[in-house]
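Protein sequence lines correspond, in order, to chains A and B.
Quick note on the working numbering: the first sequence kicks off at 1 and runs consecutively.
Quick note on the working numbering: the second sequence kicks off at 1001 and runs consecutively.
A couple of the hints might just be wrong.
Stated by the list, open to error - Chain B stretches covered by chain A per the calculated footprint, using a threshold of three residues with CB under 8 Å from any CB of chain A:
#, region
1, 1025–1038
2, 1093–1106
3, 1172–1184
4, 1221–1227
As the list claims (entries may be wrong) - Far from chain B, some chain A residues (derived; all Cβ distances over 10 Å):
#, residue
5, Leu-92
6, Thr-97
7, Asn-173
Keep in mind that the hints were calculated from the coordinates and are not lab data.
Fair warning: this is a prediction, and the values are worked out from it, not measured in the lab.
Cβ atoms here follow ideal geometry from the backbone N, Cα and C, with glycine treated the same way.
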Amino acid sequence: MFEVIYALWRRDMIKFLRDRRSLITSMVRPFLWLVAFGFGLRASVKLPGAGAGADFVSFLVPGMAAMTVLFSSMFAAISIVWEREFGFLKELLVAPTPRGAIVVAKLAAGSSTATVEAALMLALSPLLGARFSVGGALLALPLLALFGMAMNALGIVVAARMRSFEGFGSLINFVIQPIFFLSGALYPIDGLPRALRVIVLLNPMSYVVDAVRGLCLGVHHFPIALDVAVALAAALAFGALARRAFNKMEV
Amino acid sequence: MVKVIEVEELAKTYGEVEAVRGIGFSVGAGEIFGFLGPNGAGKTTTIKILCTLLQPTSGRARLAGLDVATSPDQVRRRIGVIFQDPALDDRLTAEENLMLHAVAYRVPRADRAERIAEALRFVDLYERRKDLTRTFSGGMKRRLEIARGLIHRPEILFLDEPTTGLDPQTRARTWEVLRALRRDFGTTLFLTTHYMDEAENCDRIAIIDHGKIVALDTPAALKQRVGKDLVTARSADPEALARLLSEKYGITSTPADGGLSFLVEEGDAFIVKLLTTDRPALGGISVRRPTLDDVFLSLTGRQIREEGAQGQFARLRAAARGRG
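The shape of chain A in the complex, shown without the other chains (with noise of 0.2 Å):
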């Protein structure tokens, strides 16, 4: 069973790994945020709570390693339109593997890769001057990894939908702009509108950047026990709809 898991988990990696050009590609989107939002704005934003001082770049950051998580664990899932539309799926649900065990293997493979790309964004971003604890930035990892987790989960709930990849690249858009802009990744929760921030306090992603930012520059919102146990929570709770959509799906 395990063995499995691991199995259907490497494929993925070694595929992962084949692609190079994904992985640089990937950086493309966190460092256009950082250089564009970063620099751009950096003199006329005032970050309250953050302390004098504090840098908008390296404020930014964490958001953009939740950012990279989002993106990159949320398209993972198109792996289940493309392997269902060329028939390698059949030959999964077909042999004497338990579904739950293909779902676990996609998850870990989705959010492996989404971490991988995250922690190579962190490594790079003082390379444009951000600073933050290194030793936070690893603590992070896992937390990140586990947002991937709950984010492929939630990518697979679309996937097992669609039919065509335009399908799913347009409705898996919709579905990542709100999370992503209603986060807290660009700007502290403190101090927005009322429904703003009721609709900030609803995304999990909102906890994950507030722990990555926690652990990376000492400032967050939330304790960041709570921030984890969301985080767990929209794993846990994504995954079970994502079990339940794989055993739904026809092949």
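Given the structure of chain A, go ahead and fit chain B onto it with the hints provided.
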């Protein structure tokens, strides 16, 4: 013979559409059993039910004594499936695809490398084992899938349209591999096809049309049922020949290229009889045994597909039926 597949009253309905309507048959151990029918006849639906990918609406199917609906995991361990469309991970190498399969089917760790090498040699792909399967041709992919189907030594191998879309050479090569599989491992093969010549490779054939089995027998016995042979005679004076056939032998003929064609029992003996009687001059004469296409036509009144000379035979037979 030990029965490894037993199907009773099996039916599958999708909404309003009855894809399979109460079919029953059994397959013996080591048999090559074919489902022959046109596209949409219910072949793939039947195979999907037998290999646990679909639940039947009603009826029962048992593989090696295990019910496919209630013990899917145990059934899955005993079968191999080669789907109509390639189901390989094309961004993995041939060897990686087989290794994944070996793990998924719980092949003992110690045996894996050896079985993979053996399977790859069996289908003549050992030299290409380190290549990504996306670089393979259609025939190579199909052979690799057959190799994959062997890794866990299934008792029963299902093949859905195993040679559709392959060139004649590759089809012949694929069949060599399949026959060797039965010979060397005693594997039972269950396949679907809409190719007549492919069905000829089977020990027994079930002809399926509109979700029902309309005939089940050996290819030879099925052809025997049609009985008559097709004789084509070239003649400078086809009218006179047609008159002779109809007056003396009561045979209806239809015009063919440079002469005429007709159906008759034991065509070779009839030719001799015709040549030794007083008749118009003949430019040439040929006789053809009935094919499975003719069998299908005689059972359903339709052809599986229109195909060259066979199409002509079919039109003739249809004409004969219309008159008779």
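Worksheet item: Which hint numbers does the structure go against, in order from smallest to largest?
Response: 1, 3, 4, 5, 6
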